[in-house]
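Colleague: Here the protein sequences line up with chains A and B, keeping their order. By the numbering used here, the letter at position 90 of the first sequence is numbered 103, and the numbering carries on one by one without gaps. By the numbering used here, the letter at position 15 of the second sequence is numbered 21, and the numbering carries on one by one without gaps.
Everything labelled a hint here was simulated from the structure, so no lab data went into it. Accuracy of the hints is not assured; some may be wrong.
[Claimed, not checked] Straight-line C-alpha distance at most 20 Å; calculated PhoX-like pairs for lysine-lysine:
1. B/Lys19 / B/Lys60
2. B/Lys60 / B/Lys16
3. B/Lys19 / A/Lys77
4. B/Lys8 / B/Lys53
5. A/Lys142 / B/Lys16
6. B/Lys59 / B/Lys8
[Claimed, not checked] Derived, one-sided and incomplete: chain A residues facing chain B with beta-carbon distance under 8 Å:
7. Glu20
8. Lys77
9. Glu81
10. His84
11. Asp114
12. Asn144
Glycine included, every Cβ here is placed at the ideal spot set by N, Cα and C.
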Amino acid sequence: MVIARPEWFKKGKGTFNFGMTWQGAVYLLATLSLIFIGMMLITTLTIGGLFLFLIIDAQYASLKTMDEREHLHYSIAMRNMAWGMIVTIVMVSLVMLNFNDEVNLGVLIVAVGLVGFIINVTTRYKLEKSN
Amino acid sequence: MKTKIKEHRKELKMTQEELAEAVNVTRQTIIALEQGRYNPSLILAYKVTKTLKKDHIEDIFLLENEDLNTKT
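All chains should be built: construct the whole structure from the sequences, respecting the hints.
Modeller: Listed below in C-alpha cells is the structure:
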C-alpha cells in the first residue's frame with residue numbers, strides 16, 4: 014500500500030496496548046471521520062470507497078508489523094470471527110423472520126459486529142495465554 | 007519443545023528485548039519461545055541460533071518425545 018507506514022501501528026507490550034504513534038492516530042481519525050463527511054456529501058460512494066481503501070491500507074500496514082506468531086494468532090482469530098459472524102447472520106435472520114416477518118438490518122449489523130468483536134478478542138486472549 | 011534460549015541469552019548478557027529486535031519479532035514471542043509455548047518456524051529457529059552464537063539448532067531447541075506425536 015502507499016500511505017500508512019507499518020511503524021505507525023507498531024504494537025506495544027501487553028494484549029490491549031496498540032502503541033499507536035501520533036501519525037497512526039491522525040491517520041485513523043482522518044479515516045474514521047470520512048464516515049461523517051460521507052453522510053453530508055452527495056458523493057457518498059466515492060468517500061465510502063476511499064474510507065474502505067484507507068481501512069484496508071491501515072490493516073495491511075499493521076499486518077506488516079506482526080511477526081510469525083502474531084500472524085498465526087491473527088489468522089486464527091479472523092477465521093473464528095468470520096465463522097461466528099456467518100452463524101450469527103443466519104441465526105439472527107431466522108429469528109427475526111420468525112417473529113417479525115422481516116429482517117431489521119440495523120439490529121443485524123450491530124449483532125454481527127458485536128459477536129465478531131467478542132470472538133476476535135476472546136480468541137486472541139486465549140491464544141496469547143496458550144501459545 | 008524445550009529451549010535453552012534463556013541460559014544462552016544470559017551468557018551473552020542479552021535482554022529479551024534485544025534478542026527480539028535482533029531476530030525481528032516481538033518480546034512476547036521471545037517469552038513464548040523461552041517458556042516452550044511456541045514452536046518457531048525453521049527460519050526463526052535459525053535466526054535465534056545464529057544470534058545466540060551457536061552452530062546448530064539442536065544447541066538451542068530440544069525436541070521432546072511428545073513433539074514427535076504432535077500433528078503438524
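Colleague: If a hint holds in the structure, say so; if it does not, say that too.
Modeller: Quick rundown of the hints versus the structure:
Taken as a hint, the B/Lys19 and B/Lys60 pair is honoured in the structure, with Cα atoms around 15 Å apart against an allowance of 20 Å. A C-alpha spacing of about 14 Å is found between B/Lys60 and B/Lys16, which places the hinted pair at or below 20 Å, so the restraint holds. With a C-alpha separation of about 29 Å, the suggested pairing of B/Lys19 with A/Lys77 is violated against the 20 Å cut-off. Restraint check for B/Lys8 and B/Lys53: satisfied, since their Cα atoms lie roughly 17 Å apart, inside the 20 Å limit.
At most 20 Å may separate the alpha-carbon atoms for a hinted pair to count; A/Lys142 and B/Lys16 exceed this at roughly 25 Å. Proximity of B/Lys59 to B/Lys8 is assessed by CA-CA distance (about 18 Å); at most 20 Å being required, the pair is judged to hold. The beta carbon of A/Glu20 is not positioned within 8 Å of any beta carbon in chain B (closest approach about 13 Å), and the interface hint is therefore violated. Because the beta carbon of A/Lys77 sits about 11 Å from the nearest beta carbon in chain B, more than 8 Å, this interface hint is broken.
Checking A/Glu81 against chain B: minimum C-beta separation of about 5 Å stays under 8 Å; hint holds. Hint status for A/His84 relative to chain B: violated, with the closest Cβ pair at about 10 Å, above 8 Å. Given hint, A/Asp114 at the interface with chain B, is violated; its Cβ is 48 Å from that chain's nearest Cβ, farther than 8 Å. With a least beta-carbon distance of about 5 Å to chain B, the hint placing A/Asn144 at the interface is held under the 8 Å criterion.
The structure shown violates the earlier hints numbered 3, 5, 7, 8, 10 and 11.
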